[in-house]
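With the sequence shown counted from 1, adding 927 to any position gets you this note's numbering.
Simulated from the structure, these hints should not be mistaken for lab results. Hints may contain errors.
Claimed, not checked - Taking CB as the label site, the calculated pair distances span:
#1 GLU1126 to VAL1008: 57 to 63 Å
#2 GLN984 to PRO1099: 52 to 58 Å
#3 ARG1071 to HIS1098: 39 to 45 Å
#4 THR961 to ARG1071: 55 to 61 Å
#5 THR990 to ARG950: 28 to 34 Å
Quick reminder that beta carbons are idealized off the backbone N, C-alpha and C, glycines included.
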Amino acid sequence: IKMPTDRPSSAPRNFRNISITSRSVKLSWNSLPTEDRNGDIIGYVIQMTFYLPGESQHVISRTTSLNQIIVRGLNPYTSYVSTVAAKTSAGSGPLSSSLTVKTNEDVPTSAPEDFTVTAYSHSLQIMWSPPPVQHQNGKVRHYRVSTTEVETGSTKALNHTDVSLTLSNLHPYYHYELSVAAYTVGLGPSAVYSARTNEYVPSGYPRNL
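Work the whole structure out from these sequences, hints included.
Now the structure itself:
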């Protein structure tokens, strides 16, 4: 006598992550014991819940016939709470214990914002805001600030951990090209700005009068 198909009576066990990148995770689990299947297992349903800054809950759902899956297209540096359930033609069984995985960091996908410059005769005071949280893709460790003196072509770059900086010992009334990029595990896009220092009294005197 063949018993009618029912939903599985237990959840997959040993639910675990095998590998993680910044935008994917590989998950694995054990098959159900035969006595708990209650029919032919036609697939496993994986659900991953996550939150984005300032937004409500998001749910990703995937189905596979295997005992493992690679879920791609994830957000970097984001925590996902995952479950898996076995499924027969009668429906899905109980959910597994939840598994929290956090994707790796990646480079920022947005430049710093609100770039402002205050000019003086021998210096430029620059300020900016970090990239939007949802585009930082990790912990911002420092900012790369680059300066090019247009008249001479001289270029300097430095790493800075704050969101403001005074560039000193500049030439009066010179043009400067400025850029700032956030660094996590690599540099993201740069915010760029052009500025000119203020005028100053002449540094020489008339000759051959």
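Checked hints:
The hint said 57 to 63 Å for the Cβ distance between GLU1126 and VAL1008, and at roughly 60 Å that hint holds. For GLN984 and PRO1099, the Cβ-Cβ distance of about 56 Å falls inside the hinted range of 52 to 58 Å, so the restraint holds. ARG1071 and HIS1098 have their C-beta atoms about 23 Å apart, which leaves the hinted 39 to 45 Å range violated. Checked against the hint of 55 to 61 Å, the pair THR961 and ARG1071 passes, with Cβ atoms roughly 59 Å apart.
Distance hint for THR990 and ARG950: a CB-CB separation of about 20 Å, inconsistent with the stated range 28 to 34 Å.
Hints 3 and 5 from the list above are not met by this structure, while the remaining hints are.
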